[in-house]
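Given only the sequences and the hints, what does the whole structure look like? Please build it.
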Amino acid sequence: MKIGRISTKDSKEALAVVVEQAGGLRVLDVSALALRRPDLFDFSASMADLMMAGPSGLEQVYAAIEWARREGEEAWFQAEPDVNWLLPVAVRNCIAAGRNFRKHRAEGMAYWEAQGAASGFHDEIPSAFAKLPTSMVPTRSTVQRPANVDAFDYEIEVAAVIGKPGLCVSEARALDLVFGYTILNDLSAREWQRSEMKNQMILLGKNFPGFGPLGPWILTADEVADPAALNIELRVNDEVRQQATCDDLIFSFPQMIAHWSQIGLDAGDLITSGTPEGVANSRKPDPSPYFLKPGDKVEAIVDQIGVLETSIA
Numbered sequence: 012m013k014i015g016r017i018s019t020k021d022s023k024e025a026l027a028v029v030v031e032q033a034g035g036l037r038v039l040d041v042s043a044l045a046l047r048r049p050d051l052f053d054f055s056a057s058m059a060d061l062m063m064a065g066p067s068g069l070e071q072v073y074a075a076i077e078w079a080r081r082e083g084e085e086a087w088f089q090a091e092p093d094v095n096w097l098l099p100v101a102v103r104n105c106i107a108a109g110r111n112f113r114k115h116r117a118e119g120m121a122y123w124e125a126q127g128a129a130s131g132f133h134d135e136i137p138s139a140f141a142k143l144p145t146s147m148v149p150t151r152s153t154v155q156r157p158a159n160v161d162a163f164d165y166e167i168e169v170a171a172v173i174g175k176p177g178l179c180v181s182e183a184r185a186l187d188l189v190f191g192y193t194i195l196n197d198l199s200a201r202e203w204q205r206s207e208m209k210n211q212m213i214l215l216g217k218n219f220p221g222f223g224p225l226g227p228w229i230l231t232a233d234e235v236a237d238p239a240a241l242n243i244e245l246r247v248n249d250e251v252r253q254q255a256t257c258d259d260l261i262f263s264f265p266q267m268i269a270h271w272s273q274i275g276l277d278a279g280d281l282i283t284s285g286t287p288e289g290v291a292n293s294r295k296p297d298p299s300p301y302f303l304k305p306g307d308k309v310e311a312i313v314d315q316i317g318v319l320e321t322s323i324a
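In this note's numbering, the protein residues as written are 12 to 324.
No lab work stands behind these hints, which were simulated from the structure alone. One or more of the hints may lead you astray.
[Claimed, not checked] Simulated DEER-style distance windows between Cβ atoms:
#1 A141 / E77: 36 to 44 Å
#2 L36 / R184: 32 to 40 Å
#3 N242 / P92: 18 to 26 Å
#4 D233 / L46: 23 to 31 Å
#5 M212 / S67: 38 to 46 Å
#6 A59 / M212: 29 to 37 Å
#7 I136 / S67: 32 to 40 Å
#8 Q155 / Q273: 35 to 43 Å
#9 L215 / S18: 24 to 32 Å
#10 L51 / C179: 31 to 39 Å
#11 A158 / Y73: 45 to 53 Å
#12 A236 / S18: 29 to 37 Å
Note that beta-carbon positions come from the ideal geometry of N, C-alpha and C, so glycine has one too.
Rendered as structure tokens:
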């Protein structure tokens, strides 16, 4: 199921699902349907309550979709391009993996070797940084390039959306915490990132306003047999810049979730995959033509999930 949050015509938040119908993707306002048919649900039709409801909540939403189709209630469905998407979930924390695709790590090693800072790299445990919820914006947002940023880069990532609490879970149980998967474009200010990383820290370079496009919706975990099989691609102005499969991860989603559950995870947390090779910063011989500029259109695509669209201003 593809499920997210939308802003209705009267500016209220609503739970919505995406369905395939003749003529393209259509969106069903589950919250509106719950007001009309409260007998179909035993939870309030919000993303937070759906996560708490667990599998029974998903079953009720599936049943509601079938009811709307069976009853021919076409008025419940909107064309997907006409929908105003919000962030798919109210993000609590975002733990963003660093250097977790093998080929991306390899492409970045030359720079750090030149800085004399590559000798300490290891694969003993996952590494990550904080992507602040305040940096996040929904699909079809316009992100302003900061005036003090020239090396404005893109990074497509898959984000596992945690749906329930977990502390010190095993790898075998880790995916039980996952409600679903969405897309993150980890926008980055490389000149700030490089300066911060000389002190072995990073925060500002990843967290300017709008630096976390997220969405467009969540693909529920029941439709993802193996997250390692997810195919990802990023395009800038229709040019493919990144393309990979999540089987190139150094640390798998179960490994990362188990590791980071030591700090305690809860519904609304995100654990991201890291990004594959192809970032602008690693382009040779001159990366500058590849950095994002005003007027650029960025599409972060996970074929099983959808397309996260961002405009640069």
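So, going through the hints one by one against the coordinates:
In this structure, A141 and E77 meet the distance hint of 36 to 44 Å, their C-beta atoms being roughly 41 Å apart. In this structure the hint that L36 and R184 lie 32 to 40 Å apart at CB holds, the actual value being about 34 Å. Distance hint for N242 and P92: a CB-CB separation of about 23 Å, consistent with the stated range 18 to 26 Å. The hint said 23 to 31 Å for the Cβ distance between D233 and L46, and at roughly 26 Å that hint holds.
Roughly 44 Å separates the CB atoms of M212 and S67, a value that falls within the hinted 38 to 46 Å. At roughly 33 Å, the beta-carbon separation of A59 and M212 lies within the given 29 to 37 Å, and the hint holds. Distance hint check for I136 and S67: the Cβ-Cβ separation is about 36 Å, which falls inside the suggested range of 32 to 40 Å. Remark: the range hint 35 to 43 Å for Q155 to Q273 is upheld by a beta-carbon distance near 37 Å.
Look at L215 against S18: about 30 Å separates their beta carbons, and that is inside 24 to 32 Å. At roughly 37 Å, the beta-carbon separation of L51 and C179 lies within the given 31 to 39 Å, and the hint holds. The given range of 45 to 53 Å is respected by A158 and Y73, whose C-beta atoms sit roughly 48 Å from each other. A beta carbon spacing of about 32 Å between A236 and S18 agrees with the range 29 to 37 Å that was offered as a hint.
Of the numbered hints given earlier, the model fails none.
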